[in-house]
Amino acid sequence: MINIIIPFPVFKPLHLCVSFSNSCSSDVITSISYGQKTFQQSSSEVDNLIFTKKIKYELESYFNNPGFQFSLPCDIQLGTPFQQRVWQALTEIPSGKVKTYGELAKELKSSARAVGNACRRNLFPVIIPCHRVVSASGVGGYAGDTLDTQRGQINFLQIKQWLLAHEAVDR
DNA sequence: ACTATTCCGGTAA
DNA sequence: TTACCGGAATAGT
75 MINIIIPFPV
85 FKPLHLCVSF
95 SNSCSSDVIT
105 SISYGQKTFQ
115 QSSSEVDNLI
125 FTKKIKYELE
135 SYFNNPGFQF
145 SLPCDIQLGT
155 PFQQRVWQAL
165 TEIPSGKVKT
175 YGELAKELKS
185 SARAVGNACR
195 RNLFPVIIPC
205 HRVVSASGVG
215 GYAGDTLDTQ
225 RGQINFLQIK
235 QWLLAHEAVD
245 R
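With the numbering used here as the guide, the letters of the first sequence map in order to residues 75 to 245.
Note that these hints are calculated values from the structure, not bench results.
Treat each hint with caution, since some may be false.
[Stated by the list, open to error] Below, in silico cross-link-like pairs of lysine-lysine (PhoX-like), each with a Cα-Cα straight-line distance of 25 Å or less:
id : residue 1 : residue 2
1  : Lys127    : Lys111
2  : Lys86     : Lys111
3  : Lys183    : Lys171
4  : Lys127    : Lys183
5  : Lys173    : Lys183
6  : Lys86     : Lys128
7  : Lys111    : Lys128
8  : Lys111    : Lys130
9  : Lys171    : Lys111
[As the list claims (entries may be wrong)] Okay, the calculated beta carbon distance ranges per label pair:
id : residue 1 : residue 2 : range
10 : Cys91     : Gln162    : 31 to 39 Å
11 : Cys98     : Glu134    : 22 to 30 Å
12 : Lys180    : Asp222    : 19 to 27 Å
13 : Gln235    : Pro168    : 27 to 35 Å
14 : Thr223    : Phe85     : 13 to 21 Å
15 : Gly218    : Lys86     : 17 to 25 Å
For glycine and all other residues, C-beta sits at the position ideal for the given N, C-alpha and C.
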């Protein structure tokens, strides 16, 4: 498995850690997580330069142009069958638009709460845009944070808000 | 027994 | 009428 680190705009010590592996001759991203600088960037001899460049290129493109469409392969099968359905649906929400947990639930014939769960478990934040799902009354949660509860140093809701503002969603 | 929810009824300003 | 609480309903882990 290979990790690459990409700085996240605005939120100073914040980075995106992208992990990928090469399973039978094709590269797939296996997870993306938020971290603060101190992370180790693993440089393997087998490091696929082409793929790491593509990851960097696509993320930088998105940060420069919110309408950029990702084509990076994610190993969506790492999720449960239900999570796979939700994550797939997320990829179909275009930049600049949002859906509520309830709306998505209706489309998937599930419940708002279950959809929220699947979003919370999203292994590929930013490129699978779980930030485009909001609550009926407000903004909803992000990375486990809600309006009431915050886990680490940063309140990840600010990041969700930033992503939405970046995509020119008014709310 | 937890959730990144939502809807409806009651109450108060 | 609007705003704000409580509680039940809900589906997946």
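Hints versus structure:
1. Lys127 <-> Lys111: holds (20 Å)
2. Lys86 <-> Lys111: Since the Cα atoms of Lys86 and Lys111 sit roughly 9 Å apart, the hinted pair holds (cutoff 25 Å).
3. Lys183 <-> Lys171: holds (21 Å)
4. Lys127 <-> Lys183: Violated - the C-alpha atoms of Lys183 and Lys127 are around 39 Å apart, more than 25 Å.
5. Lys173 <-> Lys183: Given pair Lys173, Lys183 holds - Cα atoms ~15 Å apart, limit 25 Å.
6. Lys86 <-> Lys128: holds (23 Å)
7. Lys111 <-> Lys128: This hinted pair holds, its Cα atoms lying about 21 Å apart.
8. Lys111 <-> Lys130: holds (16 Å)
9. Lys171 <-> Lys111: violated (31 Å)
10. Cys91 <-> Gln162: 31 to 39 Å: Roughly 23 Å apart at Cβ, these two residues miss the hinted range, so it is violated.
11. Cys98 <-> Glu134: 22 to 30 Å: Holds - the Cβ-Cβ distance for Cys98 and Glu134, about 28 Å, lies within 22 to 30 Å.
12. Lys180 <-> Asp222: 19 to 27 Å: The hint (19 to 27 Å, Cβ to Cβ) holds, given that Lys180 and Asp222 are roughly 26 Å apart.
13. Gln235 <-> Pro168: 27 to 35 Å: violated (19 Å)
14. Thr223 <-> Phe85: 13 to 21 Å: holds (19 Å)
15. Gly218 <-> Lys86: 17 to 25 Å: Given about 21 Å between the Cβ atoms, the range holds.
Of the numbered hints given earlier, the model fails hints 4, 9, 10 and 13; all others are met.
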